[in-house]
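Peer 1: Chains as they are written, first to last, in this note's numbering: chain W, 15 to 271; chain B, 534 to 746.
Zero decoy hints are in this set.
Sample of chain W residues at the chain B side, in silico, Cβ under 8 Å:
{"#": "1", "residue": "LEU81"}
{"#": "2", "residue": "ARG107"}
{"#": "3", "residue": "HIS116"}
{"#": "4", "residue": "LEU131"}
{"#": "5", "residue": "THR136"}
So these bits of chain W aren't anywhere near chain B, every CB distance computed over 10 Å:
{"#": "6", "residue": "ILE31"}
{"#": "7", "residue": "GLU41"}
{"#": "8", "residue": "SER196"}
{"#": "9", "residue": "LEU215"}
{"#": "10", "residue": "VAL233"}
{"#": "11", "residue": "GLU248"}
{"#": "12", "residue": "SER250"}
In short, the hints are calculated from the structure, not lab data.
Every residue gets a Cβ at the ideal spot worked out from N, C-alpha and C, and that includes glycine.
Chain by chain, the residues:
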Amino acid sequence: MNKHFSSASSPEENGGIIFKAEHIIKEFPNLRALDDVSTEIKRGEVVFIVGPSGSGKSTFLRCLNLLEKPTDGKIFFEGKQINCRGIKINAFRQKVGMVFQHFNLFPHLTILNNIILAPLKTHRMKRAEAVSKAEELLKRIGLYEKRNAYPQQLSGGQKQRIAIVRALLMNPDVILFDEPTSALDPEMVGEVLALMKELALGGMTMIVVTHEIGFAREVADRILFMDHGRIVEEGSPEDFFSHPKDPRLKDFLSKVI
Amino acid sequence: MNAVLSWFQEQSADLKTAFYMNFIKDDRWIYLWSGLKITLQIAFFAVLIGILLGFLVAVIRSTHDKVGNLRFLNFICKMYLTIIRGTPMVVQLLIIYFVILSSCTDKVFVAVIAFGINSGAYVAEIIRSGIMSVDKGQMEAGRSLGLSYLQTMIYIILPQAFKNVLPALGNEFIVLIKETSVSGYIALQDLTKAGDIIRSQTYDAFLPLIAVA
Ligand SMILES: Nc1ncnc2c1ncn2[C@@H]1O[C@H](COP(=O)(O)OP(=O)(O)OP(=O)(O)O)[C@@H](O)[C@H]1O
Ligand SMILES: [Mg+2]
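Bound conformation, chain W alone:
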């Protein structure tokens, strides 16, 4: 099980660093959403990003797979800069999964077709292979019976787990999660977190923006705290919760715990 969920390994000529962000700045017309953000994400690492609303968490995550284009700074993926000319952006994105707050399943396709569309169209798999892998994953998360249903027939928790499986079938090196449980009814949060935890334990590299502080504490290797477009503090869950240094983090923690 774990093997199937873990990041595909490749020669580690860059010290096992998957993402490296250098001095990222992102400006919107009248606002600087990211203000000099730098960090590294190692293979197999589970990094959580927390912070108040509007602090730039989503923007940073979306810069990593170039859904947003950084105004300045450099982003490296597996040793190669990706925010420059001449980059095969689609090939790059095939290795970077993304899970959205609102699932973004394709409403006109069945669950199975939602999952196998990208592997087929990007020629990463033949149909038979894609179908059998998709069905295997569906069985694993207990949604095999829903393979011919449409997204609107599923509960929120089921939709989000399908979205995760859809990202997984591309066999990505890293998966980005942007508040994957924020749009869910409370009773459905657990099933999604359980699947994410399973991925984390299986060795998948994950970057997770979330307001589920307790979950971050339980699963994270490292937590980043963002405020006003900057990473204000980062550390292991231990340090982060037991010895917060920055007053803004202390303030934030006192509000959310």
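Guided by the hints, dock chain B with the ligands onto chain W, whose structure is given.
Peer 2: The following block gives chain B with the ligands in isolation, referenced to the frame of chain W:
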């Protein structure tokens, strides 16, 4: 009471003779029937061309709006939309018949091309509104899976856009059927023209026109 009844009988007898004179005698209904066939033929193929053109123009325009490239193609599309939507159909038909395709003798073909080009402009805007009605998360989901912009358009956005605008497209088809009435100007016997012919033979304008409508 009786007076009213007999008046009705008289009227309906009148109507019967009129109906007979207009449609049955000399097999005049044949005009209408073959006119109907041509009308439907033109409308059907024109809508096909219109949808094809419409999709093309709509995709180019939305791509330009979202990604910012394709400036030249977008310019051409905008010209096309402005010209087609800003001039009367009759004029377009005549220009295409007498100027652009003047060597072509197949009038149905000319009409199909003319109406197709015309309806393409309207369909393009319908489909563009359909594309805009699709949640932007759909494009992001497609792109984040490594699909290209065009692949995401074709497999994810357009099917949803098309479904959203199906009623409006049906509407366009009906409008087109009505508009084929102007193809008489290139001496094509569609439904309206058939009505005209009957009228000129019977000097009764009302019934044939009702039938045409
Ligand atoms: N496309 C955009 N255009 C203009 N401003 C934007 C855009 N996207 C985000 N912003 C602004 O950038 C800032 C950072 O937004 P971001 O979505 O990254 O915050 P966040 O930390 O994810 O917040 P939340 O917890 O509410 O999701 C906010 O002030 C937001 O209004
Ligand atoms: Mg956000």
